[in-house]
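Q: Okay, here's what each chain looks like letter by letter:
Number of protein chains: 4
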Amino acid sequence: MIRVAVVGSSGYAGGELLRILLGHKEVQVTAVTSEKSAGQHIAFLFPHLGRLCNLTLEKLDPTELANKADLVFLAVPHKEAFTVAAKFVGVGVRVVDLSADLRFRDTRLYEEWYEVEHEQPGLAHMAVYGLTELYRDEIKRARAVGNPGCYPTGALLALAPLVKEGLVELDSIIVDSKSGVSGAGRTPGLTYHYPEANEGMMAYKIGTHRHTPEIEQELTNLAGSAVVVSFTPHLTPMNRGILTTAYAKLKEYKGPETLRKMYAKFYKDAFFVRVMGKGAYPNVNAVRGSNFCDIGLYSDLRTGRVVVTSAIDNLVKGAAGQAVQNMNVMCGFDETEGLKHLGMFP
Amino acid sequence: MIRVAVVGSSGYAGGELLRILLGHKEVQVTAVTSEKSAGQHIAFLFPHLGRLCNLTLEKLDPTELANKADLVFLAVPHKEAFTVAAKFVGVGVRVVDLSADLRFRDTRLYEEWYEVEHEQPGLAHMAVYGLTELYRDEIKRARAVGNPGCYPTGALLALAPLVKEGLVELDSIIVDSKSGVSGAGRTPGLTYHYPEANEGMMAYKIGTHRHTPEIEQELTNLAGSAVVVSFTPHLTPMNRGILTTAYAKLKEYKGPETLRKMYAKFYKDAFFVRVMGKGAYPNVNAVRGSNFCDIGLYSDLRTGRVVVTSAIDNLVKGAAGQAVQNMNVMCGFDETEGLKHLGMFP
Amino acid sequence: MIRVAVVGSSGYAGGELLRILLGHKEVQVTAVTSEKSAGQHIAFLFPHLGRLCNLTLEKLDPTELANKADLVFLAVPHKEAFTVAAKFVGVGVRVVDLSADLRFRDTRLYEEWYEVEHEQPGLAHMAVYGLTELYRDEIKRARAVGNPGCYPTGALLALAPLVKEGLVELDSIIVDSKSGVSGAGRTPGLTYHYPEANEGMMAYKIGTHRHTPEIEQELTNLAGSAVVVSFTPHLTPMNRGILTTAYAKLKEYKGPETLRKMYAKFYKDAFFVRVMGKGAYPNVNAVRGSNFCDIGLYSDLRTGRVVVTSAIDNLVKGAAGQAVQNMNVMCGFDETEGLKHLGMFP
Amino acid sequence: MIRVAVVGSSGYAGGELLRILLGHKEVQVTAVTSEKSAGQHIAFLFPHLGRLCNLTLEKLDPTELANKADLVFLAVPHKEAFTVAAKFVGVGVRVVDLSADLRFRDTRLYEEWYEVEHEQPGLAHMAVYGLTELYRDEIKRARAVGNPGCYPTGALLALAPLVKEGLVELDSIIVDSKSGVSGAGRTPGLTYHYPEANEGMMAYKIGTHRHTPEIEQELTNLAGSAVVVSFTPHLTPMNRGILTTAYAKLKEYKGPETLRKMYAKFYKDAFFVRVMGKGAYPNVNAVRGSNFCDIGLYSDLRTGRVVVTSAIDNLVKGAAGQAVQNMNVMCGFDETEGLKHLGMFP
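So the protein sequences, as listed, match chains G, W, R and B. If you're matching positions, the first sequence starts at 0 in numbering that gives the first Met the number 0 and goes up one per residue. If you're matching positions, the second sequence starts at 0 in numbering that gives the first Met the number 0 and goes up one per residue. If you're matching positions, the third sequence starts at 0 in numbering that gives the first Met the number 0 and goes up one per residue. If you're matching positions, the fourth sequence starts at 0 in numbering that gives the first Met the number 0 and goes up one per residue.
Source of the hints: derived by calculation from the structure; they are not laboratory data. Treat the hints with care, since some could be wrong.
Identical copies carry no separate label here, and so any pair may be met within one copy or between two of them.
[Said to hold, decoys possible] Once the Cα atoms are required to be at most 30 Å apart in a straight line, the calculated DSS-like pairs of lysine-lysine come out as:
(1) Lys-250 - Lys-163
(2) Lys-86 - Lys-24
(3) Lys-204 - Lys-163
(4) Lys-35 - Lys-339
(5) Lys-264 - Lys-250
(6) Lys-204 - Lys-139
(7) Lys-253 - Lys-204
Start from the sequences, fold in the hints, and give me the full structure.
A: What follows is the structure in structure tokens.
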């Protein structure tokens, strides 16, 4: 049994971490922090946790927290995480960071897209990118993990086999993603005001979303040469879920059945990736609340393209669930511990 | 570890039973049945259970099933349950019936409102009404439990303390309930067609809904004299949840704080009932997916009325969750086993 | 053709006034104001009006505006309206005020519930309560109309015939209303943040909502003696619509058919009130976007109660539509001008 | 004033035609037909039309109907339209067909994708494809118009300027569309059952949707050489709207501002196409209920691609609204008559 703390517990990812960790056999949550809600009982912010969690939010004091926790989840905004992460790692507390701060090996990319100076490039360089299915071995030994963004998780699981196996033209990749509104966080704003978001659908930050370089970094790693993608995120009227539709030109035509077999093999050790059968396509309603990523495949001779769709829950596999999955790997627990029975339908 | 079977596994309550039972430590699901989907893998009907449940639906053969299960959940339509229930009980297999067939001690009431002859009045008489918080002791010894309807669960937990303690005029009770669409089941129909139900809100079956006599039976038991209520169900554009707003005239005025204390005492042993504090009212979004029932209280001198609101998830506390809670009590398991960490927000 | 202005055009009621007025044959919109958005083109705030409306928002200058408009709609918050209204009325410009400031004949009631001093009690006393169906003759001669609140509109149209005809016990009236989220206005807040409001349902301000005294004032007028009601508003996950379920004890039992005939007669001159036939109940999806109020009736001997349900669009019959209806009556236009073809389904 | 009839009035497109036509100054609706609902008052099927439309549905008798109507809208399923259309055209009644039957000049394409024999290839050849913005002159003289599919309308308006002007690589075009559920029609089915569609998002019929050849026919016409596209439709949890995201490789890079100017010029006579300014992207919530198509443009040097997003209401510009727009053009009415003030927000 290890002791864990959640830093930045007032947002949706923080709440979701608690939901998962409270049902996790190997873990005790010893502290939850929030700068603006310090002093409040967790159930005041998250009524659904009433009677299940008796913690009170405290202000973050890294030194004190280091005495209470063996591993810390950081669910704070980007730029606020790297300093805190460095403190914890410095005293031997392991870190899973849900912000963008530890996702980039080359922090110049981070600085360019996030328009902020990265003050811990060494830590970022040392940290492991937490897409568990791709970096399981590195994560086992990691002191700090940069948990992937929600969009990159869906996009990379959809594209990794194709790119890794060299099956597609690298300059042909398009990622069109549709996200539920919780992906925008818990801070109210006009765009997310119910009467505006409900019955609405739009693309936003076309070509300029900060998850673009993250997708490109990992596809480049997989390909062994530079990959540039067109990435378009969309705001969709639902609480949770990301449906990603990825397009790429096949170097040499392969039918859907061949591709399905290749994907099944690629993900044969990945409990949380379900490659769907003939004619079946992922729906976010089948991964709601769960850590699964469902993948569907289509290709045709008409266009010479492969179309991959993937569905994840942005707050689970796209955030808190994957963070716990990474903790499980880091700590030698069963990778699925606490993560198996989270899904809910309808 | 006991062996359980789910009869009628293709609907939402059946799916929800599986979600819960698959994470239950004391139970092994040994069979799932469906007349119309027999032969299909469970994940075909419920993609969210893919990789978690490897069962194939079979046609119901009570004799065969009795060899595979120590306890059976019946999630079949009313009128189809009493015969099957009788067979299982006859051979010593315990039954939790989610239909209406075993909810009425006096089956004439059933016959009047359900317009069908009850062929097992003896079994119905012997069965225990499965509102766990009210019948825990009887359920411990029960061979057959009639699991409550979704609306009655929310209404009775809201009203039981007031009626039991004799605080309200019995002819003044009004129950106004708002249910998510999953309460109508999984069979498509124009009323539940997305473009009709979405952005819609209506009362239906005013004064004639079959849950009315069920509410009245139990309130009458609690009061010790006949209770008649006005009950109005509403169809609300959300997947899950029932918000019940109950009104009654106080015989003698009592303020909200007094009522809250009284409720807290009444439910002091009820893990799944959360009586809310001053100024806080239940929202179905805080019980989504969970077995909790949240209760809020208001009263004022202006009107001399008490207004109680309760929130449940119709598929959990209103169906599958309460069924498992009843199983836990029947089998001597911890009442909360498998039911603690089900809730999901947002 | 008259000239009209909309003061406070940046909220939902303001936007809805423009939608309606732009299609109105007898009216030209000459000015739109907004303190915080002055200088912006209307289509910046309301992209759906792009190419239809070429107005730019200006700051409110009552003197200047009085030269541009024969009638002014006030869609500003309560307490901000009475001063402005007084200025316009003082120079002969007619006013339809959508705030609460001119709804109360007895401003002490206003001051008690709105916790603010009313600085224009004389104007409030002179103004007409703009429930068109009840005050049509007075509205014809009115200089200032206090347009009803959204909840009172639905509640009063549902209850007026019963109370006016003296059919119900006056101390037995309960109003349980379910509103779409646009009723809360366009200012973001956590309660209305999409992931919180979506898939949520709750009662709020039980017994304390400010529309309570408005309902009581009008029912008291109709009854000729004091009426006190229990009023419970609910927040419902939909953009528009209020479904009101009203309960009252019949002094002497009358069946639904008798009540329907009585209502049909009561509303025989009310184009926008549709009394529904046997077994049919209102759904907000049938009045979405329109100025109609649909009414359904149920009563039974079991309880001796009548249950009336009404459906309106809170932004139309509950706000902007009724305001235009009142303008039509004040100006001698056809009462339905601009209001007939607004509804949209699905 | 002309007389029009709506054949197949019980579906959403039929209902929407009535909403629009009832507010149209130049038109009288003289008959509405439905095979399965004949004999019922229109308000039974469409309660929102109660008091606005006093028609009763009748069975279709083309000979009789030809005496009552100068122009007929066909809102029946594909394969049922061509025979009826031929009868009307044969006796001089003009036809706007909302099915696919008259959309293809080369009916072999229709036969291949719709898997049915086309029995009126001559009529199909003569009919005009009803994308008003592209075929206005031909529509003026048309006897029969094949009203475009909903997806093709959004896709073609998004891509026409690029393809017509020869700016993009023709083999690089990808169309990723997200549609509200009303696009699937009014017949209930499990996929569209509220608890399944709500909070769900999926791609379907990837690469095989029947709107694919329609998009390709028109892009081929515009390009002057064969165009093949990847088209992926998605089911989105909202009642109305299609958001299309189209991708193409620019032959020679052009910035967004250049593209916006080019689009503005291309659509300078198109009242219903609104090209959005810098940094603004279409949202279906701004075209809900209206006949507008909003278009947003993005391009970047990184990828050399242009990304065009368009938003329409699938039932209006994607069906009934465009049908009326075509009627207006055919009959010499103002193209915007009856179509200007239909939009509703929120």
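Q: All the hints need checking, so say for each whether the structure fits it.
A: So, going through the hints one by one against the coordinates:
{"no.": "1", "hint": "Lys-250 - Lys-163", "in the structure": "both (13 Å within a copy, 29 Å between copies)"}
{"no.": "2", "hint": "Lys-86 - Lys-24", "in the structure": "within (27 Å within a copy, 39 Å between copies)"}
{"no.": "3", "hint": "Lys-204 - Lys-163", "in the structure": "both (28 Å within a copy, 27 Å between copies)"}
{"no.": "4", "hint": "Lys-35 - Lys-339", "in the structure": "between (33 Å within a copy, 29 Å between copies)"}
{"no.": "5", "hint": "Lys-264 - Lys-250", "in the structure": "within (20 Å within a copy, 38 Å between copies)"}
{"no.": "6", "hint": "Lys-204 - Lys-139", "in the structure": "neither (35 Å within a copy, 41 Å between copies)"}
{"no.": "7", "hint": "Lys-253 - Lys-204", "in the structure": "between (33 Å within a copy, 19 Å between copies)"}
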